[in-house]
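If you read the sequences in order, they're chains A and B. End of the first sequence = 175 in this note's numbering, gap-free, step of one. End of the second sequence = 419 in this note's numbering, gap-free, step of one.
Note that these hints are calculated values from the structure, not bench results. Where hints are given, some of them may not hold.
[Unchecked claim] Residues of chain A placed beyond 10 Å of chain B at every Cβ, according to the derived structure: (1) G33; (2) I59; (3) R112; (4) I125; (5) E130.
[As the list claims (entries may be wrong)] Only some residues are given here: those of chain B computed to face chain A with a beta carbon under 10 Å: (6) S271; (7) H282; (8) Y356; (9) G387; (10) T392; (11) N407.
[What the hints assert, rightly or not] Calculated cross-link-like contacts (lysine-lysine; reagent style DSS-like; alpha-carbon spacing at most 27 Å): (12) A:K119 x A:K144; (13) A:K144 x B:K284; (14) B:K351 x B:K362; (15) B:K351 x B:K403; (16) A:K87 x A:K119; (17) A:K87 x B:K403.
Quick caveat: nothing in here was measured; it's all calculated off a predicted structure. Cβ coordinates follow ideal geometry from the N, Cα and C atoms, glycine included.
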Amino acid sequence: MSVNEPAKQVQPETAEAGIQEKPVAQGAPAAAGWEPKIVGFACNWCTYAGADLAGTSRIAYPPNIRLIRVPCSGRVNPQFILRAFEKGADGVLVAGCHPGDCHYSTGNYFTRRRFLLTKRLLEYIGIEPERFHARWISGSEGPKFAQVAQEITEQVKALGPYRKPQDSEKTRDAQ
Amino acid sequence: MAEKIEGSQSYVFYMDVRTPGKNYEEFYKRATEEYGAKYIRGRVSKVYPQGDKLVVRGEDTLIGRQVEVEADMVVLATAMVAQPDAAEVARRLGFSYDANNFFTEAHPKLRPVETNTGGIFLAGACQGPKDIPDTVAQASAAAAKICALFSKDQMATDPMVSIVDESKCSGCLLCKPICPYKAIDGKKITERVNGKVLERVVATVNSGLCHGCGACTVACRPGALNLKGFSNEQILAEVEALCL
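Pulled out of the complex, with its shape left as it was, chain A reads as follows (with noise of 0.2 Å):
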């Protein structure tokens, strides 16, 4: 049974999680045992195959990050980032085919540019950049998928936990 202790030892941290989200999303100072709250964009074909490669090779990584999939890294709106933050989210990764491998041979190229320049919006509007990562990640790289996952949730939890601006948090306590 030694291959399943990886996957045992993540377990006690997703619980931990779930425990702690609440004053987090109220913006609390990060308390002990704090864990944040990642949603993580990844394309069907390259980035979602990866983490499954992740997975079926028993790779253990954060459970702090959380998928959702999309048909390709093209399809994510920067919207979707912005509601990501809003709702509470801590970091945001967007994962795509590499360049030049794009399923749809273009998407990762607007996934690019668009991202660079959210980015730029991020860090405007008061959001520190370090939360949001955009990053290529093929079918073949669970190691690099589980890598990335841990970097992203290191850098994260360095930052602490996401505050959102005070005029925000009134409008929603008004709501």
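Starting from the known structure of chain A, arrange chain B on it as the hints suggest.
What follows is chain B alone, placed relative to chain A:
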């Protein structure tokens, strides 16, 4: 050569001899054994005219000596290149081509004779350097694909295609150039606004060509384009659920 011109003698300068293909070794064997072609291992340093002949000077690395061959005709083993207007053809028809202007297939292993644009197929050296058997094989495959396309009255496609909400579409057609499959086009619609009949242009998606990548949905400023199965509402709902 010896087959066409009796009594001729051919010399081949080579670095390594490889015959890539089934039974191609026969060609090499026939050339050397039957027709007596001389294979010289080494590079050619110079070709210059002398009288009405061409002198090829090179090195035979197996005996370590310079050799000179007086030849009536010199054939250079140059690289096979694409047609000069290949890129223009690909651009006009809307499928991709590579850095060497050879047309690219939709998938090197799984869709080797199709382009990314539905209904356009590739056969022969336009797709990459090829000899005759390979060309014939690819052409047969392309023909079979076309027959399959025509064998049905209706086309079965993926249900996850883009749809246009005509009431929201402003007709800017920004989605048209972003579509890698040329599936989006403008169409004129007539609508009644305040009792007046107006004609305007809106985008329309050819569901037979659309592969459902969703690039257009992001490019659409009024948010009129949506992708069935991965709609904006569905993805946003997923985002919200994950952030709970």
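Okay, the hints, checked on the actual structure:
Annotated as non-interface, A:G33 keeps its C-beta farther than 10 Å from every C-beta of chain B; the closest such distance is 19 Å. Interface exclusion of A:I59 from chain B stands, the closest Cβ pair being 22 Å apart, more than 10 Å. Chain B leaves A:R112 outside its interface by the beta-carbon criterion, the shortest separation being 13 Å against a cut-off of 10 Å. In this structure A:I125 is separated from chain B by more than 10 Å, as the shortest Cβ-Cβ distance comes to about 17 Å.
At roughly 19 Å, the least C-beta separation between A:E130 and chain B is larger than 10 Å, which holds for a residue marked as non-interface. With a least beta-carbon distance of about 6 Å to chain A, the hint placing B:S271 at the interface is held under the 10 Å criterion. Using the Cβ-Cβ criterion of 10 Å, the hint placing B:H282 at the interface with chain A is satisfied: the shortest such distance is roughly 9 Å. Hint status for B:Y356: holds, given a least beta-carbon distance of 8 Å to chain A, under 10 Å.
Of the supplied interface hints, the one on B:G387 holds, with its beta-carbon coming within about 6 Å of a beta-carbon of chain A, less than 10 Å. Evaluation of the B:T392 hint against chain A yields a held restraint, the C-beta minimum of about 7 Å falling below 10 Å. Hint on B:N407 holds. Least Cβ distance to chain A is approximately 7 Å, under the 10 Å limit. The suggested pairing of A:K119 with A:K144 holds, with an alpha-carbon distance near 22 Å, which does not exceed 27 Å.
Annotation: proposed proximity of A:K144 to B:K284 holds, straight-line Cα distance about 24 Å (limit 27 Å). Under the criterion of a C-alpha separation no larger than 27 Å, the hint pairing B:K351 with B:K362 is consistent with the structure, at around 12 Å. Between B:K351 and B:K403 the CA atoms are separated by roughly 18 Å; this keeps the pair inside 27 Å, and the hint holds. Simply put, A:K87 and A:K119 have alpha-carbon atoms about 18 Å apart, close enough for the 27 Å limit, and the pair holds.
Distance check on the hinted pair: A:K87 and B:K403 sit about 24 Å apart at the alpha-carbon level, within 27 Å; holds.
No hint from the list above goes unmet by this structure.
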